[in-house]
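Colleague: If you want the building blocks of each chain, they are given just below.
Number of protein chains: 2
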Amino acid sequence: MSMFHGLSAFPITPCNASGEVDTDTLGHLITRLEDAKVNSIGLLGSTGSYAYLSRAERLRAIKAAVATLTNTPLIVGVGALRTDDVVAYAQDAQVAGADALLLAPVSYTPLTQDEAFAHFETVAKATDLPISIYNNPGTTHFNFSLPLLQRLADIPNIQAVKMPLPAGEIADDLAQLRAALPHDFAIGYSADWGCAAGLLAGADAWYTAIGGTLPKPAMALTKAAQSGDVDLTAKLQAALQPLWTEVQAYGSIRVAYTIARHLGLTDAVPPLPVQLPPAEVEARIIAALEHLDLSKRLRPA
Amino acid sequence: MSMFHGLSAFPITPCNASGEVDTDTLGHLITRLEDAKVNSIGLLGSTGSYAYLSRAERLRAIKAAVATLTNTPLIVGVGALRTDDVVAYAQDAQVAGADALLLAPVSYTPLTQDEAFAHFETVAKATDLPISIYNNPGTTHFNFSLPLLQRLADIPNIQAVKMPLPAGEIADDLAQLRAALPHDFAIGYSADWGCAAGLLAGADAWYTAIGGTLPKPAMALTKAAQSGDVDLTAKLQAALQPLWTEVQAYGSIRVAYTIARHLGLTDAVPPLPVQLPPAEVEARIIAALEHLDLSKRLRPA
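Residue numbers (numbering that gives the first Met the number 0), protein chains in the order written: chain H, 0 to 300; chain D, 0 to 300.
Bear in mind the hints are in silico, worked out from the structure with no lab data behind them. Don't take each hint at face value.
It does not matter which identical chain is meant; a pair holds if it fits inside one copy or across any two.
The calculated lysine to any residue pairs, modelled on SDA-like cross-linking and capped at a C-alpha distance of 25 Å, are [as the list claims (entries may be wrong)]:
| # | residue 1 | residue 2 |
| --- | --- | --- |
| 1 | K36 | R177 |
| 2 | K36 | H4 |
| 3 | K62 | W243 |
| 4 | K124 | L271 |
| 5 | K222 | A170 |
| 6 | K222 | W192 |
| 7 | K124 | E19 |
| 8 | K36 | E279 |
| 9 | K62 | Y249 |
| 10 | K215 | A179 |
| 11 | K234 | Q274 |
| 12 | K62 | F141 |
| 13 | K124 | A16 |
| 14 | K62 | D203 |
| 15 | K124 | P276 |
| 16 | K62 | D98 |
| 17 | K234 | A152 |
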């Protein structure tokens, strides 16, 4: 099992209004994830607001995570608009002690497939760390063609992909990717509500946003799906469904902050212009958390 | 006529590989625009790669433009992911002597309508300069609802909008906007191939990417359309069509750099990961320029 297998949990990066990272709170959030035995930490993912953080603050977050973790692999998001900035962030992460990188083709001018390839190739050559391709069209608005994924998989330290949920069946999507990519290339999914189905179908990883704040339910769902227990997976999915519904409507980052604040983990808010969801949505998220607790009591598995 | 009327020409911002602005070349590009009597300069637009530039380099570009211009209004793009960064860029622009601002809702986490409103409101309160709303879903992936535009138009120094081309008839789109917005709110369009139709229909402005490098053909087209000369407008459009075709396929920024390099104005390239188009596209762009020259000789108007 490489570090790109199992549950990769993405915490928020609590910051003040100026974008300075609250490293004490971040350390506490990461300790919760390690205590829940997640398989890796996904620091500075989309839920971790990496795109809104300066180079200095990204580095402070990485150093805090490295200082906190004892034996859980640390995957660090290094996406940025400029290739030279990504190279610098990747080298910072390596020097600071990250175990792996996650790279999204962040764009303003929409990128061509060849431009994205060159971007990834340049970054991969500038680091010794293994890289997971962060395929997230919802934020980057870039779509990887299958031939582009194949070209990238030929680069030695590009070893994994974090896929969005497909329009069709996830098992079909996974089978198509398996057939096209090297046998040891790790294929994982994100978009929390569909990922247990991915694990049941044999995906290598679930990159979870909600699991960065609720690691125990996410680990329980991961184990159920990895063990092929379809019934238990369905029950745990049902318990989480009210939360997934809010995530689908309001986005992982707004929901994760709402949960973390409700649990008393932080009083941080997302970076403006991103805001917490409106009060009525917050109430539904809290009700969904209570539904989750109730479900767990009813179904102690 | 406010500064948000007529032809607003957006130059590239020539930089070295590290993103440092070549202010001498930028000054020369801007002088060409002023000599062609464009109605305003759109500095640091999408074609001016603003999203890829640091605060310090944006400010250097603004200072170079202010130092160069004699009597053409300077509109400065100030978009960024973080609201506090945009406030800082807006204040930099005002202090440096810009005449107006152009603000796009740059996003990574997709923004809600309310979040975009708060973002614009915060920036508008932080500056005395008039602001044009930069509505460019092709790069920001944000769509302004008509009610949001109405709310924004109620803010005193938000005085204009730069619209994308509509899916339907531009005259219908303009009529709908005119009916919904204050009578003195300036409505302009971008996406070069459709803007002469906008001016013919009575739009206030054409925000031009190609006109930032080819100001004379763009001014000729602007004058033809503003004077209601449908036949001449059609002829000038036809002369430019081969160029529009490449812009539609490869994007304004790649085409603008190709033209500027071909004309000997600069040897700069776009900021990586954005690249110049492939050689066969460059050849077609050069052929399109020759077609334009030939058309102008044939139709000296």
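Colleague: At most 25 Å between CA atoms: does that hold for K234 and A152 within a copy, between copies, both, or neither?
Modeller: neither (36 Å within a copy, 50 Å between copies)
Colleague: As a check of your reading, is K62 near Y249 (CA-CA no more than 25 Å) within one copy, between copies, both or neither?
Modeller: neither (30 Å within a copy, 41 Å between copies)
Colleague: With identical chains treated as interchangeable, where does the CA-CA distance between K36 and H4 reach 25 Å or less: within a copy, between copies, both, or neither?
Modeller: within (13 Å within a copy, 61 Å between copies)
Colleague: 25 Å Cα cut-off: does K62 pair with D203 within a copy, between copies, both or neither?
Modeller: For K62 and D203, the Cα distance exceeds 25 Å both inside one copy (28 Å) and across copies (52 Å).
Colleague: When no copy is specified for K62 and W243, does a C-alpha distance of 25 Å or less occur within a copy, between copies, both, or neither?
Modeller: neither (32 Å within a copy, 49 Å between copies)
Colleague: How would you label the pair K124, P276 (within, between, both, or neither) given a Cα cut-off of 25 Å?
Modeller: between (40 Å within a copy, 24 Å between copies)
Colleague: Using 25 Å as the alpha-carbon threshold, which applies to K222 and W192: within, between, both, or neither?
Modeller: within (15 Å within a copy, 55 Å between copies)
Colleague: At 25 Å max between alpha carbons, let me know whether K124 reaches A16 within a copy, between copies, both or neither.
Modeller: Classified as between: cross-chain Cα gap 18 Å, same-chain 35 Å, threshold 25 Å.
Colleague: Within a copy, between copies, both or neither: where do K124 and L271 come within 25 Å Cα-Cα?
Modeller: Classified as between: cross-chain Cα gap 15 Å, same-chain 34 Å, threshold 25 Å.
Colleague: Cα distance capped at 25 Å. Does K36 pair with E279 within a copy, between copies, both, or neither?
Modeller: neither (33 Å within a copy, 54 Å between copies)
Colleague: Measure nothing new, just compare the shortest in-copy and cross-copy C-alpha distances for K124 and E19 to 25 Å and report within, between, both or neither.
Modeller: between (30 Å within a copy, 24 Å between copies)
Colleague: At most 25 Å between alpha carbons: which applies to K36 and R177, within, between, both or neither?
Modeller: For K36 and R177, neither the intra-copy (27 Å) nor the inter-copy (59 Å) Cα distance is at most 25 Å.
Going through the hint list in order, the structure does not satisfy hints 1, 3, 8, 9, 10, 11, 12, 14, 17.
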